[in-house]
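*Asks:* Heads up: the sequence shown begins at -13 in our numbering, then just goes up one per residue.
A hint or two may mislead.
Label-pair distances were calculated between CB atoms; the ranges are [what the hints assert, rightly or not]:
id, residue 1, residue 2, range
1, GLY259, ALA305, 55 to 61 Å
2, ALA196, GLU63, 51 to 57 Å
3, ARG250, ASP68, 51 to 57 Å
4, GLY49, ALA196, 19 to 25 Å
5, LYS228, ALA285, 27 to 33 Å
6, GLU65, LYS228, 29 to 35 Å
7, GLU273, GLU312, 32 to 38 Å
8, GLY259, ARG185, 29 to 35 Å
9, GLY197, VAL320, 40 to 46 Å
10, LEU187, ILE298, 22 to 28 Å
Below, in silico cross-link-like pairs of lysine to aspartate or glutamate (EDC-like), each with a Cα-Cα straight-line distance of 20 Å or less [to be verified]:
id, residue 1, residue 2
11, LYS228, GLU312
12, LYS12, GLU39
13, LYS229, ASP282
14, LYS228, GLU273
15, LYS18, GLU65
16, LYS12, GLU63
17, LYS12, ASP25
18, LYS18, GLU59
19, LYS260, ASP299
20, LYS18, ASP221
21, LYS229, GLU182
22, LYS229, GLU84
23, LYS228, ASP282
24, LYS228, GLU318
25, LYS229, GLU283
26, LYS12, GLU65
If you are wondering where the hints come from, they were derived from the structure by calculation, not from laboratory data. Remember, it's a predicted structure, so these values are computed and weren't measured experimentally. Don't be surprised by glycine CBs; every beta carbon is placed ideally from N, CA and C.
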Amino acid sequence: MQLTITILSGGRAGHRIVLSPGDSLKFGRTTKAEIVVADDPTMSSLHCEVQCEQDACRVRDLGSRNGLFVNNEQVVEAELRDGDRLRAGRTFFGIAIEQHDEPLADHETAVVRGSIDDTLRDPPTVLPRPLSSSPGADSTLRSATVVFPLKGMPPAIGSTLRYLPADQSHLSMVWPLGAGRLFAVVDGAVAFALVEQARRLGLRTESLLAGQRSPYLAAVAPYLIEINPQSGFLDLWYGYLKKCPGLLLEAMLDFGPLLDHVRRLFVTRDVEGKESFFRFYDPRVLENWLPARRPDELAGFFGGITGIVIGIDGGNRLARLSRAAERVASEEVVLK
-13 MQLTITILSG
-3 GRAGHRIVLS
7 PGDSLKFGRT
17 TKAEIVVADD
27 PTMSSLHCEV
37 QCEQDACRVR
47 DLGSRNGLFV
57 NNEQVVEAEL
67 RDGDRLRAGR
77 TFFGIAIEQH
87 DEPLADHETA
97 VVRGSIDDTL
107 RDPPTVLPRP
117 LSSSPGADST
127 LRSATVVFPL
137 KGMPPAIGST
147 LRYLPADQSH
157 LSMVWPLGAG
167 RLFAVVDGAV
177 AFALVEQARR
187 LGLRTESLLA
197 GQRSPYLAAV
207 APYLIEINPQ
217 SGFLDLWYGY
227 LKKCPGLLLE
237 AMLDFGPLLD
247 HVRRLFVTRD
257 VEGKESFFRF
267 YDPRVLENWL
277 PARRPDELAG
287 FFGGITGIVI
297 GIDGGNRLAR
307 LSRAAERVAS
317 EEVVLK
(Lines of atoms letter the chains of each structure in order from A and count residues from 1; the text may use other names and numbers.)
(Lines give C-alpha, C1' and ligand atoms only; values in the text may rest on other atoms or scores of the structure.)
Protein backbone atom coordinates (compact mmCIF):
# COMPACT_ATOMS: atom_id res chain seq x y z
CA MET A 1 0.00 0.00 0.00
CA GLN A 2 1.11 3.55 -0.71
CA LEU A 3 -0.53 6.67 0.69
CA THR A 4 0.03 9.93 -1.17
CA ILE A 5 -1.07 13.19 0.48
CA THR A 6 -1.12 16.22 -1.80
CA ILE A 7 -1.31 19.73 -0.31
CA LEU A 8 -4.13 21.44 -2.21
CA SER A 9 -4.09 24.97 -0.78
CA GLY A 10 -1.77 27.60 0.66
CA GLY A 11 1.82 28.45 -0.17
CA ARG A 12 2.82 24.81 -0.48
CA ALA A 13 0.01 23.71 -2.81
CA GLY A 14 1.17 20.91 -5.09
CA HIS A 15 3.59 19.27 -2.65
CA ARG A 16 3.24 15.53 -2.20
CA ILE A 17 3.91 13.44 0.90
CA VAL A 18 4.35 9.73 0.25
CA LEU A 19 3.93 7.18 3.05
CA SER A 20 4.45 3.42 3.09
CA PRO A 21 3.16 0.87 5.62
CA GLY A 22 4.64 1.55 9.05
CA ASP A 23 5.06 5.29 8.43
CA SER A 24 3.46 7.91 10.63
CA LEU A 25 3.51 11.70 10.28
CA LYS A 26 2.24 14.57 12.41
CA PHE A 27 0.99 17.77 10.77
CA GLY A 28 1.05 21.17 12.46
CA ARG A 29 2.03 24.82 12.43
CA THR A 30 5.30 24.48 14.39
CA THR A 31 8.37 22.27 14.39
CA LYS A 32 6.68 19.97 16.90
CA ALA A 33 5.25 18.38 13.75
CA GLU A 34 7.07 16.54 10.96
CA ILE A 35 5.07 18.36 8.26
CA VAL A 36 5.10 22.05 9.15
CA VAL A 37 2.54 24.40 7.58
CA ALA A 38 3.73 27.62 9.19
CA ASP A 39 1.71 29.94 6.95
CA ASP A 40 -1.69 28.70 8.23
CA PRO A 41 -2.49 30.52 11.53
CA THR A 42 -5.66 28.43 11.98
CA MET A 43 -3.67 25.20 12.20
CA SER A 44 -2.65 24.11 15.68
CA SER A 45 0.99 23.69 16.62
CA LEU A 46 0.38 19.95 16.55
CA HIS A 47 -2.84 19.39 14.63
CA CYS A 48 -3.25 15.80 13.41
CA GLU A 49 -1.42 12.56 12.69
CA VAL A 50 -1.66 10.27 9.68
CA GLN A 51 -0.69 6.61 10.02
CA CYS A 52 -0.23 4.13 7.19
CA GLU A 53 -0.55 0.39 7.87
CA GLN A 54 -0.45 -2.66 5.62
CA ASP A 55 -4.24 -2.80 5.23
CA ALA A 56 -5.49 0.70 6.12
CA CYS A 57 -4.54 4.34 6.61
CA ARG A 58 -5.96 6.47 9.40
CA VAL A 59 -5.95 10.08 10.54
CA ARG A 60 -6.59 11.35 14.08
CA ASP A 61 -7.01 14.75 15.66
CA LEU A 62 -4.29 15.63 18.19
CA GLY A 63 -6.48 18.02 20.18
CA SER A 64 -6.48 20.77 17.58
CA ARG A 65 -8.15 24.10 18.23
CA ASN A 66 -10.19 24.25 15.00
CA GLY A 67 -10.85 20.57 14.39
CA LEU A 68 -10.07 17.99 11.74
CA PHE A 69 -12.36 17.39 8.76
CA VAL A 70 -12.61 14.53 6.26
CA ASN A 71 -14.90 15.30 3.31
CA ASN A 72 -16.33 18.28 5.24
CA GLU A 73 -17.28 16.13 8.26
CA GLN A 74 -15.51 16.79 11.53
CA VAL A 75 -13.80 13.70 12.92
CA VAL A 76 -11.67 12.75 15.90
CA GLU A 77 -10.32 9.71 14.09
CA ALA A 78 -11.17 8.20 10.72
CA GLU A 79 -9.99 5.68 8.17
CA LEU A 80 -8.77 7.35 4.98
CA ARG A 81 -9.98 6.20 1.59
CA ASP A 82 -8.80 6.92 -1.92
CA GLY A 83 -10.18 10.27 -3.08
CA ASP A 84 -10.83 11.68 0.41
CA ARG A 85 -10.33 15.37 1.07
CA LEU A 86 -8.75 16.27 4.42
CA ARG A 87 -8.82 19.72 6.06
CA ALA A 88 -6.70 20.90 8.98
CA GLY A 89 -7.13 24.58 9.75
CA ARG A 90 -7.56 26.28 6.38
CA THR A 91 -5.25 23.84 4.59
CA PHE A 92 -6.74 21.14 2.35
CA PHE A 93 -5.07 17.83 1.52
CA GLY A 94 -5.99 15.32 -1.18
CA ILE A 95 -5.73 11.61 -0.36
CA ALA A 96 -4.68 8.93 -2.85
CA ILE A 97 -4.29 5.29 -1.76
CA GLU A 98 -3.05 2.51 -3.98
CA GLN A 99 -1.44 -0.88 -3.77
CA HIS A 100 2.20 -0.34 -4.69
CA ASP A 101 4.55 -3.25 -5.15
CA GLU A 102 7.44 -1.42 -6.82
CA PRO A 103 9.78 1.26 -5.39
CA LEU A 104 8.66 4.81 -5.98
CA ALA A 105 9.94 6.63 -9.05
CA ASP A 106 12.09 9.54 -7.98
CA HIS A 107 10.44 12.28 -10.02
CA GLU A 108 12.42 14.94 -8.23
CA THR A 109 15.74 13.92 -9.72
CA ALA A 110 14.76 12.34 -13.03
CA VAL A 111 16.55 14.33 -15.73
CA VAL A 112 17.33 13.96 -19.39
CA ARG A 113 20.36 11.75 -19.83
CA GLY A 114 23.62 13.40 -20.74
CA SER A 115 22.47 16.80 -19.56
CA ILE A 116 25.95 17.72 -18.33
CA ASP A 117 28.26 15.00 -19.60
CA ASP A 118 28.43 11.25 -19.87
CA THR A 119 31.38 10.55 -17.61
CA LEU A 120 29.16 8.66 -15.15
CA ARG A 121 26.24 6.32 -15.19
CA ASP A 122 22.89 8.05 -14.97
CA PRO A 123 21.71 9.39 -11.62
CA PRO A 124 19.51 6.87 -9.75
CA THR A 125 15.86 6.99 -10.74
CA VAL A 126 14.48 4.74 -8.00
CA LEU A 127 14.04 5.57 -4.33
CA PRO A 128 14.83 2.94 -1.72
CA ARG A 129 11.79 1.79 0.21
CA PRO A 130 11.40 3.69 3.48
CA LEU A 131 12.36 1.91 6.68
CA SER A 132 9.45 0.40 8.59
CA SER A 133 8.57 0.88 12.23
CA SER A 134 5.60 1.21 14.48
CA PRO A 135 3.62 4.43 13.94
CA GLY A 136 3.68 7.27 16.39
CA ALA A 137 6.64 8.10 18.59
CA ASP A 138 8.79 5.38 17.08
CA SER A 139 8.13 6.37 13.47
CA THR A 140 11.16 6.36 11.21
CA LEU A 141 10.08 9.71 9.79
CA ARG A 142 11.58 12.35 12.07
CA SER A 143 11.63 15.61 10.18
CA ALA A 144 10.56 16.87 6.81
CA THR A 145 12.74 18.42 4.15
CA VAL A 146 10.40 20.71 2.25
CA VAL A 147 10.85 20.61 -1.51
CA PHE A 148 9.26 23.46 -3.41
CA PRO A 149 7.98 23.17 -7.01
CA LEU A 150 10.20 24.93 -9.52
CA LYS A 151 8.76 27.65 -11.72
CA GLY A 152 9.08 27.02 -15.44
CA MET A 153 10.06 23.37 -14.98
CA PRO A 154 7.97 20.23 -15.51
CA PRO A 155 5.62 19.67 -12.55
CA ALA A 156 7.22 16.32 -11.73
CA ILE A 157 10.50 17.92 -10.72
CA GLY A 158 10.82 19.12 -7.15
CA SER A 159 7.44 18.04 -5.83
CA THR A 160 8.01 15.27 -3.27
CA LEU A 161 8.71 15.88 0.40
CA ARG A 162 11.76 14.23 1.92
CA TYR A 163 12.39 12.86 5.40
CA LEU A 164 15.34 12.08 7.65
CA PRO A 165 15.16 8.84 9.68
CA ALA A 166 14.98 9.35 13.43
CA ASP A 167 18.02 7.21 14.15
CA GLN A 168 20.36 9.31 12.02
CA SER A 169 22.80 11.45 13.99
CA HIS A 170 23.01 15.13 13.24
CA LEU A 171 25.84 15.91 10.84
CA SER A 172 25.89 19.48 12.13
CA MET A 173 27.13 18.18 15.49
CA VAL A 174 30.54 17.20 14.10
CA TRP A 175 31.47 20.66 12.75
CA PRO A 176 33.80 22.42 12.75
CA LEU A 177 36.13 19.57 11.77
CA GLY A 178 38.95 21.85 10.70
CA ALA A 179 39.90 25.43 10.12
CA GLY A 180 38.15 27.60 7.59
CA ARG A 181 34.63 28.04 6.33
CA LEU A 182 32.21 25.35 5.23
CA PHE A 183 30.68 25.01 1.76
CA ALA A 184 28.82 22.44 -0.31
CA VAL A 185 28.97 21.70 -4.00
CA VAL A 186 25.55 20.23 -4.81
CA ASP A 187 24.82 18.35 -8.02
CA GLY A 188 21.65 19.95 -9.37
CA ALA A 189 21.02 16.97 -11.64
CA VAL A 190 20.67 14.78 -8.54
CA ALA A 191 19.42 17.05 -5.76
CA PHE A 192 18.23 20.41 -7.06
CA ALA A 193 15.82 20.48 -4.12
CA LEU A 194 18.81 21.00 -1.85
CA VAL A 195 19.72 24.10 -3.83
CA GLU A 196 16.19 25.43 -3.38
CA GLN A 197 16.36 24.61 0.31
CA ALA A 198 19.65 26.48 0.69
CA ARG A 199 18.13 29.58 -0.90
CA ARG A 200 15.12 29.44 1.40
CA LEU A 201 17.42 29.10 4.39
CA GLY A 202 19.16 32.30 3.27
CA LEU A 203 22.45 30.59 2.35
CA ARG A 204 24.56 32.11 -0.40
CA THR A 205 24.23 30.00 -3.55
CA GLU A 206 25.79 30.31 -7.02
CA SER A 207 25.86 28.07 -10.08
CA LEU A 208 29.21 26.78 -11.29
CA LEU A 209 27.99 27.61 -14.82
CA ALA A 210 28.81 31.29 -15.22
CA GLY A 211 26.78 33.60 -17.45
CA GLN A 212 23.32 33.24 -18.91
CA ARG A 213 22.31 29.63 -19.45
CA SER A 214 19.06 27.93 -20.37
CA PRO A 215 16.54 27.26 -17.55
CA TYR A 216 17.10 23.56 -18.10
CA LEU A 217 20.86 23.82 -17.54
CA ALA A 218 20.21 25.97 -14.48
CA ALA A 219 18.23 23.10 -12.96
CA VAL A 220 20.91 20.45 -13.52
CA ALA A 221 24.09 22.47 -12.96
CA PRO A 222 26.26 22.09 -9.84
CA TYR A 223 25.99 24.84 -7.23
CA LEU A 224 28.34 26.23 -4.61
CA ILE A 225 26.60 26.89 -1.28
CA GLU A 226 28.10 28.58 1.77
CA ILE A 227 26.88 26.70 4.83
CA ASN A 228 25.98 27.94 8.26
CA PRO A 229 26.17 24.69 10.32
CA GLN A 230 23.34 25.95 12.55
CA SER A 231 20.98 26.40 9.59
CA GLY A 232 20.05 22.71 9.41
CA PHE A 233 21.33 22.38 5.84
CA LEU A 234 23.97 19.80 6.80
CA ASP A 235 21.32 17.40 8.02
CA LEU A 236 19.29 17.89 4.85
CA TRP A 237 22.42 17.15 2.79
CA TYR A 238 23.07 14.04 4.85
CA GLY A 239 19.55 12.84 4.10
CA TYR A 240 20.48 12.75 0.39
CA LEU A 241 23.85 11.06 0.90
CA LYS A 242 23.05 7.73 -0.75
CA LYS A 243 22.09 9.61 -3.93
CA CYS A 244 25.55 11.22 -4.21
CA PRO A 245 24.32 14.83 -3.97
CA GLY A 246 27.83 16.27 -4.13
CA LEU A 247 30.43 17.04 -1.50
CA LEU A 248 31.30 19.38 1.34
CA LEU A 249 34.32 21.69 1.27
CA GLU A 250 36.29 23.23 4.10
CA ALA A 251 38.20 26.20 2.74
CA MET A 252 40.29 29.15 3.86
CA LEU A 253 38.80 31.20 1.02
CA ASP A 254 35.90 33.63 0.91
CA PHE A 255 32.91 32.71 -1.23
CA GLY A 256 33.99 34.65 -4.34
CA PRO A 257 37.53 33.27 -4.67
CA LEU A 258 36.33 29.74 -3.92
CA LEU A 259 33.61 30.07 -6.56
CA ASP A 260 36.23 31.09 -9.13
CA HIS A 261 38.37 28.11 -8.11
CA VAL A 262 35.65 25.45 -8.35
CA ARG A 263 34.41 26.92 -11.63
CA ARG A 264 37.89 26.41 -13.06
CA LEU A 265 37.79 22.81 -11.85
CA PHE A 266 34.36 22.20 -13.35
CA VAL A 267 34.56 23.94 -16.75
CA THR A 268 37.57 23.09 -18.90
CA ARG A 269 38.39 24.02 -22.49
CA ASP A 270 40.45 22.21 -25.07
CA VAL A 271 42.91 23.88 -27.47
CA GLU A 272 40.03 24.77 -29.76
CA GLY A 273 38.11 26.44 -26.95
CA LYS A 274 35.43 23.76 -26.71
CA GLU A 275 33.92 23.43 -23.23
CA SER A 276 33.77 20.17 -21.32
CA PHE A 277 32.72 19.51 -17.74
CA PHE A 278 34.54 17.62 -14.99
CA ARG A 279 32.25 16.20 -12.33
CA PHE A 280 34.80 16.57 -9.54
CA TYR A 281 31.94 16.95 -7.03
CA ASP A 282 30.75 13.36 -7.61
CA PRO A 283 32.38 11.04 -5.01
CA ARG A 284 32.44 8.18 -7.51
CA VAL A 285 34.59 10.28 -9.83
CA LEU A 286 36.76 11.78 -7.11
CA GLU A 287 37.57 8.48 -5.43
CA ASN A 288 39.14 7.16 -8.63
CA TRP A 289 40.63 10.38 -9.98
CA LEU A 290 42.22 12.00 -6.94
CA PRO A 291 44.64 9.23 -5.79
CA ALA A 292 46.27 9.12 -9.25
CA ARG A 293 47.20 12.83 -9.31
CA ARG A 294 50.77 14.12 -9.17
CA PRO A 295 51.75 16.39 -6.25
CA ASP A 296 51.56 19.52 -8.43
CA GLU A 297 48.13 18.46 -9.68
CA LEU A 298 46.94 17.95 -6.10
CA ALA A 299 48.22 21.39 -5.17
CA GLY A 300 46.30 22.92 -8.06
CA PHE A 301 43.14 20.97 -7.26
CA PHE A 302 43.00 21.76 -3.55
CA GLY A 303 44.14 25.39 -3.75
CA GLY A 304 42.64 27.00 -0.65
CA ILE A 305 40.53 23.91 0.10
CA THR A 306 41.64 22.28 3.36
CA GLY A 307 39.20 19.38 3.44
CA ILE A 308 36.67 17.56 1.23
CA VAL A 309 33.91 15.45 2.79
CA ILE A 310 32.29 12.76 0.63
CA GLY A 311 30.03 9.78 1.07
CA ILE A 312 31.70 6.37 0.87
CA ASP A 313 30.54 2.77 0.98
CA GLY A 314 27.42 3.61 -1.01
CA GLY A 315 26.71 6.66 1.10
CA ASN A 316 26.60 4.74 4.38
CA ARG A 317 29.70 6.49 5.75
CA LEU A 318 31.52 9.80 5.39
CA ALA A 319 35.20 10.41 4.69
CA ARG A 320 37.24 13.61 4.87
CA LEU A 321 39.95 13.99 2.23
CA SER A 322 42.84 16.40 2.67
CA ARG A 323 46.18 17.08 1.05
CA ALA A 324 49.09 15.67 3.03
CA ALA A 325 52.45 16.55 1.44
CA GLU A 326 52.49 14.62 -1.84
CA ARG A 327 49.44 12.46 -1.30
CA VAL A 328 45.78 12.53 -0.30
CA ALA A 329 44.96 11.63 3.31
CA SER A 330 41.59 10.12 4.19
CA GLU A 331 39.88 9.86 7.54
CA GLU A 332 36.38 8.73 8.42
CA VAL A 333 33.92 11.29 9.77
CA VAL A 334 32.26 9.78 12.82
CA LEU A 335 28.82 11.08 13.71
CA LYS A 336 28.08 11.55 17.39
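*Asks:* So, for every hint listed, does it hold in this structure?
*Replies:* Now the hints, each set against the structure:
| no. | hint | verdict |
| --- | --- | --- |
| 1 | GLY259 - ALA305: 55 to 61 Å | violated (36 Å) |
| 2 | ALA196 - GLU63: 51 to 57 Å | holds (55 Å) |
| 3 | ARG250 - ASP68: 51 to 57 Å | holds (53 Å) |
| 4 | GLY49 - ALA196: 19 to 25 Å | violated (53 Å) |
| 5 | LYS228 - ALA285: 27 to 33 Å | holds (32 Å) |
| 6 | GLU65 - LYS228: 29 to 35 Å | holds (34 Å) |
| 7 | GLU273 - GLU312: 32 to 38 Å | violated (19 Å) |
| 8 | GLY259 - ARG185: 29 to 35 Å | holds (33 Å) |
| 9 | GLY197 - VAL320: 40 to 46 Å | holds (41 Å) |
| 10 | LEU187 - ILE298: 22 to 28 Å | holds (26 Å) |
| 11 | LYS228 - GLU312 | violated (30 Å) |
| 12 | LYS12 - GLU39 | holds (15 Å) |
| 13 | LYS229 - ASP282 | violated (31 Å) |
| 14 | LYS228 - GLU273 | holds (15 Å) |
| 15 | LYS18 - GLU65 | violated (24 Å) |
| 16 | LYS12 - GLU63 | holds (14 Å) |
| 17 | LYS12 - ASP25 | holds (16 Å) |
| 18 | LYS18 - GLU59 | violated (26 Å) |
| 19 | LYS260 - ASP299 | violated (35 Å) |
| 20 | LYS18 - ASP221 | holds (17 Å) |
| 21 | LYS229 - GLU182 | holds (17 Å) |
| 22 | LYS229 - GLU84 | violated (26 Å) |
| 23 | LYS228 - ASP282 | violated (32 Å) |
| 24 | LYS228 - GLU318 | holds (16 Å) |
| 25 | LYS229 - GLU283 | violated (28 Å) |
| 26 | LYS12 - GLU65 | holds (16 Å) |
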